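Student: Sequence:
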Amino acid sequence: MDMWLYLLKNMSKLDKIPDFFDKRVFGLIFDIGEVAKLTPEDKIAYEASLKHKRDAENTYSTAQRIGHDRGLKEGIAQGQYQKAIETALKFKKMGLSVEQIAEGTGLTIEEIEKLK
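For reference, each letter of the sequence shown is one residue, going 754 to 869 in the working numbering.
If you are wondering where the hints come from, they were derived from the structure by calculation, not from laboratory data. Computed from a predicted structure; not experimentally measured. For each residue, glycine too, the CB sits at the ideal point set by N, CA and C. Don't take every hint at face value.
As the list claims (entries may be wrong) - Derived Cβ-Cβ restraints for the label pairs, each shown as a range:
hint, residue 1, residue 2, range
1, 804, 778, 23 to 29 Å
2, 791, 762, 17 to 23 Å
3, 824, 857, 42 to 48 Å
4, 821, 787, 45 to 51 Å
5, 809, 789, 21 to 27 Å
6, 809, 832, 30 to 36 Å
7, 807, 834, 52 to 58 Å
Unchecked claim - Capping the alpha-carbon separation at 30 Å, the derived lysine-lysine pairs in DSS-like fashion look like this:
hint, residue 1, residue 2
8, 843, 826
9, 776, 790
10, 804, 769
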């Protein structure tokens with residue numbers, strides 16, 4: 754409680770957070786105080802830079818999520834394709850016809866004929 758009273762009483766005189774304040778707790782209050790001291794023009798510039806920073810962070814986050822989702826889908830599709838190839842090879846060893854293998858695996862006849 755004493756720290757809060759000290760802070761409220763001396764906020765306008767302080768240039769930085771005193772060492773005896775916990776920066777995690779009082780840092781935001783000092784940041785707000787710094788913004789409050791800005792001229793209207795500087796405040797507009799500051800808010801524009803914050804908006805630009807947040808937009809960039811959101812763009813990066815969205816791109817990362819989209820890339821992850823796309824990679825996951827491609828990985829699953831590749832895995833399914835590999836499984837179909839493995840199954841086709843087993844079917845081929847069992848003596849099934851190319852048409853039966855195509856029906857059972859979803860692969861094209863051309864893909865099956867290329868398998869060795």
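Student: So, for every hint listed, does it hold in this structure?
Tutor: Hints and how they fare:
{"no.": "1", "hint": "804 to 778: 23 to 29 Å", "result": "holds, 27 Å"}
{"no.": "2", "hint": "791 to 762: 17 to 23 Å", "result": "holds, 22 Å"}
{"no.": "3", "hint": "824 to 857: 42 to 48 Å", "result": "violated, 29 Å"}
{"no.": "4", "hint": "821 to 787: 45 to 51 Å", "result": "violated, 37 Å"}
{"no.": "5", "hint": "809 to 789: 21 to 27 Å", "result": "holds, 25 Å"}
{"no.": "6", "hint": "809 to 832: 30 to 36 Å", "result": "holds, 34 Å"}
{"no.": "7", "hint": "807 to 834: 52 to 58 Å", "result": "violated, 40 Å"}
{"no.": "8", "hint": "843 to 826", "result": "holds, 26 Å"}
{"no.": "9", "hint": "776 to 790", "result": "holds, 20 Å"}
{"no.": "10", "hint": "804 to 769", "result": "holds, 25 Å"}
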